[in-house]
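J.: What follows is the residue order along each chain.
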Amino acid sequence: MDVIFRVRRFDGEKSYWSDFVIPAKKGMTVLEGLYYIKENYDGSLAFRASCRMGICGSCAVKINGKPVLACETQILHLNSTTIKIEPLDNFEVIKDLVTEFDGFFTKHEAVKPYLIRKEDRYSEPEELIQKPEQLYAYYKYSLCIKCGACYSVCPASSSRDDYLGPAAMTAAYRFIADSRDEGDGERMQIVCGDCGVWRCHFAAECSEVCPKKVEPAKAVQKLRFRSAIYMLEKFFIRW
Amino acid sequence: MRIRNDIVIVGAGLAGMRAAIAASEVSRDLSIAIVAKTYPIRCHSVCAEGGTAAVMREGDSFDLHAWDTVKGADFLADQDAVEFFVREMPKEILRLDNWGCPWSRTQDGKIAQRPFGGHSFDRTVFAADRTGFHEVHTLYERMLSYPNIVRFDEYFMTNLVIEDGEVKGLTAIELKTGDIVLFEAKVVIIATGGAGRLFGFTTYSHQVTGDGLAVAYRAGVPLKDMEFFQFHPTGLIPSGILMTEACRGEGGYLRNSKGERFMEKYAPAKMELAPRDVVARSMWTEILEGRGLESPYGPYIALDLTHLGEERINERLPLIRDAAIKFAGVDPVEEPIPVRPVAHYTMGGIHTNMYCETPVRGLYAAGEAACVSIHGANRLGSNSTAECLVFGRVAGERAAEYALKKSYYPSTDFLKEEEKRINSLFREGEESAYEIKAELNRTMDENLWIFRNEDGMAEAVKKIIELKERYKNVSVADTSKKFNTDLTFALEVGFMLDLAEVVAIGALKRRESRGAHYRTDYPKRDDERWLKHTLAYYSKDGPIFEYLPVTITKWQPVERTY
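So the protein sequences, as listed, match chains A and B. Under the numbering used here, the first sequence has 180 at position 180, and the numbering climbs by one with no breaks. To convert a position in the second sequence, counted from 1, into the numbering used here, add 239.
Rather than coming from a laboratory, the hints here were simulated on the basis of the structure. Be aware that a few hints might be false.
Stretches of chain B that chain A covers, calculated by requiring three or more beta carbons in the stretch to come under 8 Å of a beta carbon on chain A [said to hold, decoys possible]:
#1 296-309
#2 537-551
#3 722-736
Pairs of lysine-lysine residues, derived as DSS-like cross-links and limited to a Cα-Cα distance of at most 25 Å, are as follows [stated by the list, open to error]:
#4 B:Lys793 / A:Lys38
#5 A:Lys38 / B:Lys721
#6 B:Lys707 / B:Lys509
Here are some of the chain A residues that sit facing chain B, going by a computed Cβ distance under 10 Å [stated by the list, open to error]:
#7 Asp2
#8 Val3
#9 Ser158
#10 Ser159
#11 Asp162
Cβ coordinates follow ideal geometry from the N, Cα and C atoms, glycine included.
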């Protein structure tokens, strides 16, 4: 069945739409459609892609208005003869579907998204015990592939450039909830700060669009609870 | 533009990031750059699923892991390197644990292990069936805590600068701007992964085009054992997405159209958990003899997990279930997964010794891009992520020590030359890089697949030479600077053609069957003539071959049965 891909283009100066006819077959994904365009019609079309199995996070784009991974979206499942493909919102466009991700990764980095241990045993590491229930306390939040879908729909991120955003908040919670981590205080300061968790508007759209069902909104909620306790504790210690 | 660092690492997957961390641990005074064509967490290592092998528990031993690896390799592995590798591995698992990797656990909270093909002990450490993903994210996150590691994300390497037998740096296109950048360095480490997109039906990510191998090869560094390419038994049809060996490690069966567990004919002792070359050949034989199941995408074999039950599948193989539903419309809890053997791993690579040193001073290689060799003619499952960790560390440490001793930065005028070369590619030509790549994939899938023979391989060599000729007239229509993937695609196809030539001629020359290289016209292993590594050197008229003895310490070659 032929469908039309209507792709939002940007060449560095001007934006425009390009239409391409794609001979869609059962099982064919939108990403395969984009490659079809590149191979057969227009080699200049720019998009990011790598693993094509929903794990590398490269190919998040807006398809018919919704941010999804192009690699795991089947064309015929969209039930439309014209498919609109655009770059993610809340990200600056570099070319066509390729957007600037440096800022997104810098925000992720800002929450110290790594295990902090009081004693760093690089030369002589030891096995740390973590019961399955302790693992599952944070495991879901470790599944974030940093595709940017959540960030693209976040109203707080779109109105305030300095809000760290749902993916970064999820990363913070993932480590705070890890029984092996000893970096609570350091990280909580960032999370409670001006760019942190209290900026969230609770639209919860982030959880709705997450392709890995990570539920960033839930992570934010849990962080807020911890952050309230942390601030109260700080307040009383000061007094 | 010129950027100067003590150490430049190309490739930000498991091996590259492990190298960066190791170098930084040697000295915080070194400036370390990690350059890659994707953001680090977009690398292909995230696709590793099943696990990472290490001797962790009583009952297992270094000798046993080494023996399994050597036998799996069909005796082409260098045994000193294998012995070193297995001893270093457990610490790497513990380091990742200390850095936050969410390893799957036993009930009492210890790191869990599962069975894997060709291993005679349950020694595969895992994080559900997303092991590579979690290892990559753990290393990336840890890497962020080192102040002297600087990332250059989305820089596409175009050339390596080697002058007077010494590495001087490399050139790359900054994708965002289109500018060509010269990275000057005392040391370069190549960790760019394998070359799996040479084949059409493959588990590899789109980005894995062997850039590092080709660039090193063209600069005069020999490639080793490139004819050995692993075919993983279970690629989902039609996409080729990897269905991890852990499916069988957790108890899954392979069945033919008669419902038989046919592995009992081929490997009665190990059944579905024989090494990959053995299982892939058995499956292909079933298909060739008409016992495959039928589908619109051709014949396939059934990977049956239905008897494992929903709970175990959800706990141990969640990604597999998700992928089978999304990409094949099959829920493995309810029905078998349609699979076929699929191109999966490049055993060969840049020739290094067990210290990751190449013949060029200051140039190192690690991970799938390198050939140490610990995998020989056939890699065991869960030894590849392990290799990246151990030899990533070795490369990083060695590179750091070398860089600390070297007082000067080499200088070079290479940048102008390279700018001229890249700019000359923008032209109207008759040929399409996309079409050339499609034809290359077809000939590789047809003639250098699981069963090979003289005529088929000779045909492939002819075709590759023809494609190389046509490539000289290739067109890069997009002349814009920013994020020009038309240009990078054309460069990748150029890389792949050189590598395909080495694979095909190397395979044609090796008149025996060993590990993954199986010839119907020479079906026996021939230790007298061929117990040796292949080395391929670049020349304008095609590769020049030399051979190198295999290092044997404890284990003399014996017949390989499972």
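J.: Now, for every hint given, state plainly whether the structure supports it.
T.: Okay, the hints, checked on the actual structure:
Figure legend: the segment 296-309 of chain B, annotated as covered by chain A; annotation inconsistent (0 residues with Cβ-Cβ distances under 8 Å, at least 3 required). Given a C-beta distance limit of less than 8 Å, the hint that chain A covers the segment 537-551 of chain B is violated, as 0 residues qualify and 3 are needed. Three residues within the 8 Å Cβ limit are the bar, and the segment 722-736 of chain B against chain A gives 5, so the coverage statement holds. Distance hint between Lys793 of chain B and Lys38 of chain A is unfulfilled; the C-alpha atoms sit about 53 Å from each other, more than 25 Å.
With a C-alpha separation of about 16 Å, the suggested pairing of Lys38 of chain A with Lys721 of chain B holds against the 25 Å cut-off. Taken as a hint, the Lys707 of chain B and Lys509 of chain B pair is broken in the structure, with Cα atoms around 43 Å apart against an allowance of 25 Å. Restraint check, Asp2 of chain A versus chain B: the minimum CB separation of about 19 Å is more than 10 Å; hint violated. With 10 Å as the threshold, the beta carbon of Val3 of chain A stays out of range of chain B, its nearest partner Cβ sitting at about 19 Å, so the hint is violated.
A cut of 10 Å between beta carbons decides the hint on Ser158 of chain A: the least distance to chain B is about 22 Å, and the hint is violated. Evaluation of the Ser159 of chain A hint against chain B yields a violated restraint, the C-beta minimum of about 26 Å exceeding 10 Å. For Asp162 of chain A, the shortest C-beta to C-beta distance to chain B is roughly 20 Å, which exceeds 10 Å, and the interface hint is violated.
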